[in-house]
Amino acid sequence: MVKVTYIHADGREVTVEGRIGASVMETARANGIDGIVGECGGAMACATCHCYVDADWQAATGPRNDGEDLMLDCTAAELRDTSRLSCQIRLTPALDGLRVELPAEQH
Amino acid sequence: MPLAPVDRETTIDTLTLDPYPIYRRMRSETPVVRVESVRRTLLTKAADTKYVKDTPALFSSDDPETPMKPAFRAHTLMRKDGKEHMAERMAMAKAYSPKVIDAHWAPLYRQIVSDYLDRLPREGMVDLYADLCAPAAARILAHILGVEEASDAEMIRWSQALIDGAGNFGWRPEPFEQSDRANDEMDALFDSLVARHRAEPNPSAFSIMVNADNPIPMSQVYANIKIAIGGGINEPRDAAATIVYGLLTNPDQFDEVKRQDCWSDAFEEGVRWVAPIQASSRLVMEDTEIRGISIPKGDTVMTIQASANRDEELFEDGEAFNVFRAKAPHQAFGSGPHHCAGAHVSRRTVGAILMPMLFERFPNMSLPDPDAVLWRGFGFRGPINLPVRLA
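Protein chains in written order, with this note's numbering: chain V, 6 to 112; chain R, 11 to 401.
Incorrect hints may appear among the rest.
If you want the footprint, here are the derived chain R segments under chain V, 3+ residues with CB under 8 Å [claimed, not checked]:
1. 56-65
2. 95-107
3. 335-344
4. 351-362
Simulated from the structure, these hints should not be mistaken for lab results.
Yeah, the Cβ is synthetic: ideal placement off N, Cα and C, and Gly gets one too.
Please construct the entire structure, taking both the sequences and the accompanying hints into account.
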């Protein structure tokens, strides 16, 4: 298990434990983090699991996946360099302590 | 492992009239059941419907025998999987994105809704379903697709012809005659629009598709527009009518929605309560099992999202319309790679524009006889009339 901290748009921080191999979206849903919706279940088809990866963690989470850019165009909140679809970030031991910020709206 | 039990009692007619008591019984007694009249294995539990839609390698959308092919005169993205599906879907995704809607379409949509509200008769009974929900949905869709030359009546007729053809599992000739006629008319219109969209690029789906750096084939541009016409009128129309019914038959909730200005919650509850698209089919690619029941390769399973949205494991008293219920994920927009591409559009048009504008204009609207409202539909469902008094 690794720790992931979700920072809600109002500044509220929640730290939860996530299973290695689970996505940041799945971990949020399993722990009732309501700032992430993930309506399509991780198929890159809904753009409702948008998050901003903390700058210190950008290198560790790596670049966007193939096709992710197109779907990020369809997010409700503003796009930033640090924008990712959280369904596309898989937890690894190297991501223990990951911090992601959540946008104010997902749809 | 046992095969699914067989239900020989349930008919398509009983499902069309009122499927909910049947689904409730299925969830508790036979959550995986072969329904002979439908010739499919129905899945009524939320976990199962989501699992099937999230697992396209095992449960394919590609149905070579689908009546959708003759109905649309094309193999559409709805019945494809993998890269081909994704390429055709993403070719128009931007047109349906929140930023394009907010930046470009929202002011026009407010104007359209305002115009259609102006037209409603102030006296006597008004059928909101026929006089507002359907035409407003048609006009909004015509603009977002870039086919605004089509009239509301044409859009509505084409949509219904495509749906009836796509659902023509008995392969009767008449529905295909209707869809052929609609296809001829749509093809002629689309042919006349290509030059305009090339010359004047705009944020409509048509323009975005024909002006892409690597455009998809023109046949698939047309097929995509037809899919959006077939799938983009009934759903917002039925969602709107359902939400209005839910609020007018629950005055305490209606007052609270107005007080809190929480129209998006009313929208989510409306589509949860009666999902406009109630059921979807998937072809089984390998022998597998669901809930301890053997599901053979070649079988067609039907996910009943109408039932998933009332599953007791997720929703307390799910049979009731309750805007203020504990939040839980509904599946009205499906799940997986075929998740509804119009979800953002419907939330922003029906939820954020149409509903608040309607009730702001007519705050004293009432539904004198709720029993006069008729509900119909197995694959698609909603009220088919909505007689209200506006003042």
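- Find the hints from earlier in the document that the structure breaks and name them by number, from lowest to highest. none
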